[in-house]
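Novice: Each chain is listed here by its residues.
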Amino acid sequence: MTTTTVDEAPFIEPEASAPRNYLNDEYGVLSWLLTRDHKRIAVLYAFSVTLFFVVGGIMAFLMRLELLTPEGDLFTSDTYNKLFTLHGIVMIFFFLIPAIPAVLGNFILPIMLGAKDLAFPKLNLLSWYIYMIGGTFGVYVIIAGGVDTGWTFYTPFSTQYSNTHVFAVTLGAFITGFSSILTGLNFLVTIHRMRAPGLTWFRLPLFVWSIYATSVVIMLATPVLAITLALLMIERVLHVGIFDPALGGDPVLYQHMFWFYSHPAVYIMILPGMAVISECVAAFTRKKIFGYKFVAFSSLAIAFLGFLVWAHHLFVAGISIYSALIFSFLSMIVAVPSAIKVFNWTATLYKASVSWQTPMLYVLGFIGLFTIGGVTGLFLGALGVDVHVHDSYFVVAHFHYIMVGGTIMAYLAGIHYWWPKMTGRMYPEWWARLSALLVFVGFNLTFFPQFLVGYVGMPRRYHAYAPEFQVLNVLSTAGATVLAAGYLLPMIYLAWSLKFGRKAGPNPWGAVGLEWATTSPPPKENFHETPVVSWEAYDYPAFLKAMKETQHG
Amino acid sequence: MANPTLHHLQHPGELEEEARAHHHPFLQHHFEDLGQQHEASTLGMWFFVAQEILFFGGVFCAYAVYRVMYPEAWSAGAHHQNWRIGLVNTIVLIGSSLTMALAVWAAQGGKRKLTTLMLVLTLLLGGIFVGVKGFEYREHIHEGLFPGASFTYVHHENPALTPAIQLFMVFYFTMTGLHALHMIIGAGLLLWFIKRAWRGDFGPEYYSPVEIMGLYWHFVDIVWIFLFPLLYLIH
Amino acid sequence: MMLSDFPLFPESASSVAKYVDGLYLGLVLVTGAVSLLIWLAIFYLAIKYRRRPDNELAQEQEPPAALELTWTVVPLIVFLGIFVAGAWVYFRIQRVPSNALEVYATGRQWMWKFQHATGQREINTLHVPVNRPVKITMASEDVIHSLWFPAFRVKNDVLPNRYRTMWFQATKTGRFHIFCAEYCGTQHSGMIGWVEVMEPTEYQRWLAGGSEGSLASQGEKLFQKYACNTCHTNDATGRGPVLAGIAGKTVPLADGTNIVADDNYLRESILNPTAKVAAGFQPIMPTFQGQVSEEDLIRLLAYVKSVPAPAVQQVRQP
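Residue numbers (the numbering used here), protein chains in the order written: chain A, 29 to 581; chain B, 452 to 686; chain C, 62 to 379.
Simulated from the structure, these hints should not be mistaken for laboratory data.
One or more hints might be untrue.
[As the list claims (entries may be wrong)] FRET-style restraints, in silico, Cβ to Cβ:
id	chain 1	residue 1	chain 2	residue 2	range
1	A	Leu61	C	Asn116	45 to 53 Å
2	A	Glu99	C	Glu356	27 to 35 Å
3	C	Val135	A	Asn191	49 to 57 Å
4	A	Met519	C	Asn116	34 to 42 Å
5	B	Glu590	C	Ile320	50 to 58 Å
6	A	Leu102	C	Asn160	43 to 51 Å
7	C	Ser354	A	Thr107	26 to 34 Å
8	B	Gly628	C	Ala370	48 to 56 Å
9	A	Trp229	C	Lys109	30 to 38 Å
[Unchecked claim] Straight-line distance between alpha carbons at most 25 Å, and here's what the computed DSS-like set of lysine-lysine pairs gives:
id	chain 1	residue 1	chain 2	residue 2
10	C	Lys196	C	Lys174
11	C	Lys174	A	Lys379
12	C	Lys366	C	Lys286
13	A	Lys150	B	Lys646
14	C	Lys196	C	Lys233
15	C	Lys174	C	Lys282
Backbone N, C-alpha and C fix where the C-beta goes; we use that ideal spot for every residue, glycine too.
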């Protein structure tokens, strides 16, 4: 199979690398900790989210070790319960929700729009500090002994019965929510008001459309989590019965309020992944995404419909049959725009020029795995099946297919795709491909057996389980080992590439987009003069012709 | 010439110096001009307000659910609030929105002293509001109405209502407390703006900070317009 | 380890299990086919149109709107079909047959307590007859639990301070798992048990094997112990309403509304009597919150529900 390597691509100018860029512009710790530059803030986030990913990942691995045997013989029950709780909290609040928006969005969005920075650079830095403060609470809780309520904090267990650091961890999540909100606000205003001349809405890269939809969801959903957690904290301290039935409160009200945020939250986690996928599909097929407008509007549709389905988490929790019917119906509808995206991405490959480089491998993996994750959502939305599989490992498998097979693979795709732009270096392609393969194989081996063991009858959040579930659990743990290796390798070779990777020019992939019209790494102000956009989205011939002219003109 | 977009690759930094040569002291470097900066800040504040609506909306929804469950206790709880004091506070707050709006108008007109005066009045009225609220809180605490371990109040006619009345008081303190917190933050911002107004920062070219401060203040005012009937006036 | 130790599919042991499994397998087929199609399309297209020196740039083309519409509308129809099928199965799961055997369940950290109408009490085990519908009325003593019978494909959350019901009809004899399916603290994974489905004759034998009398008769003793009978007499002279025959009746309340006297209303009337006072009566009943345990509540309920309405209607004098 032929691929276009960095050297062969006709659009790489290994020009005298612009000496001044955002990385070497200023030196010193304070120049990083007090930066307003969105690119540096993105790098700060990259370090932080990676750290939390490692912490959450270690917890997952420890859980999988315990689950090798049916007895609870590695950890005490309390320790295991803390592990799955903290795994969920760390991964969701401190990794998945910030990762793509705060790392890739922060770095690339302004450049894609032809802007010098986000609308509110100081607010952007504040977002990172707020995130770090929230994260510190998380770390404190881990060190101080953990929390064992599950990341969902259901009452009255979390308010009346748990003897762990519930208040501290909900405060941490509460604080981190504001980081998310401010980032979303920054993105929305930037997209509305800071597009370069000529960059009309339908000329925008699809990345921007999806990030826009994400930001809308962040701004409207996260505050509801904030108030829910605030009430939870008040209940925990005062014990006055806001959600405690023994004192007249309603624990199902808590679930409604919690899931009103937490369902849209899953779209906060997947839409940025879809944003990256659209960009990479276009770049590695050298073609405009099939059905650009449908894909753009599907992001908005997902954002809107995502607010209407939360009670499908409560089908067996005590809602009426009529509520259940309505939410099942709506849950089926929200699946449609995601299906449209998958079909459109696949159709883009037709008569394209497909390159099999690492980002594309992750992209293809994403499409395959997100499809499985998505269709298993249909299983859960079907009332008759949900009664059986709710709170079983089937659900666990479903959401890991979306969040790990989906979001994390998209994150890796984006990191590899924009690595040359962010660092000025190429990563080693063959090591990267090996890692992608390990991730794909390891992921499926870890999580596919969980669909099966869930339907057979293994409940989730179980420390010990019935002996007949063991074989599937052993397969799952084996997969987790392979997956861990697949995640470890990039951390090593990406770090290696910073010093020893091949230097990259402005557009090593031959892709379309304003970010590829500036140097790698970009200068501090992104462009030396405001670009003017005269080409349609993903108009390869026009853009690449223009680049050629610039070289020789 | 080739596409001007890529012009910079060969000619870095040309227009940079030109831009720095003459621009407004408060124009931030990443904006093209004051107009763009103004539009961005305004839009930003609107989005922030939208998010705040969802924040308060959550607790309003929970309030509504419990009101349906415990209508008598809710009514009893509302009777315990002094609606006259609440009305005075409402008028004070609306007054502060008037002075805030006048401050924006004055800033637009470059009237330095008037702007400062209006901002000071807004701060004063806001302070009165918070002070009155503090007085109300103290009274409630003395009556044993603060939820939690120190809740000693018992409803005379129907003691069984007492737990739900405590729940009402939780909502009372949470909703008015969050509102007061927003006012205190607003007060802090007002102090800073008073300093800037006195310094003469604002004029027809650049008054957007005052305008978005006004947006925030009006929003906080409107939240109170909803809180007042829900907590003081229901039967 | 034998193959039987490694099940890929749970036992199908209830009347609804075949419907749930049928829907599940249908979904596996449909979604599996679509997923396979996508996977194959990706592989095929990515290989056929791989980048070669002669196709550095793709060929441009306008997608036909008809194609977009097709793969919007067709999935929508399929998904709505799934909704209908799911709802159909769901109704079969939710609708309790009228002749069901009544069992009461209490969940608490970390055990399941079952009480049969005939008085037997069991912990973590539930004996039921085969081929008879069994209705479980359940509440929790502390946090939210969830009662799951994987072999029967039914599950329902068990809430504190509120009764919920579920039902099943076992179609096979044998032992099947009971799991708690809502995380409830330290020993959540230990809150498990077995349902023993027996042939009718065996079941009768098991029932006869000693009990303290039926739930209703135990409840009658409690009715006297807590002095309920001093106000709730059998005629209109008592300070409290006549309770004979009240279960399921519509009760006019003091505030002008009506309420059906279901399990939750009867329970609330014991624990929080002034919340919904019956019309024509004073709110003078003391609360028994904290004095009556969950199990005693179940016994009292069983008793109250067992007393038939008096032959002559007693009319309360205003």
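Novice: Which numbered hints turn out to be false for this structure?
Specialist: Of the numbered hints given earlier, those the structure breaks are 5, 11, listed in rising order.
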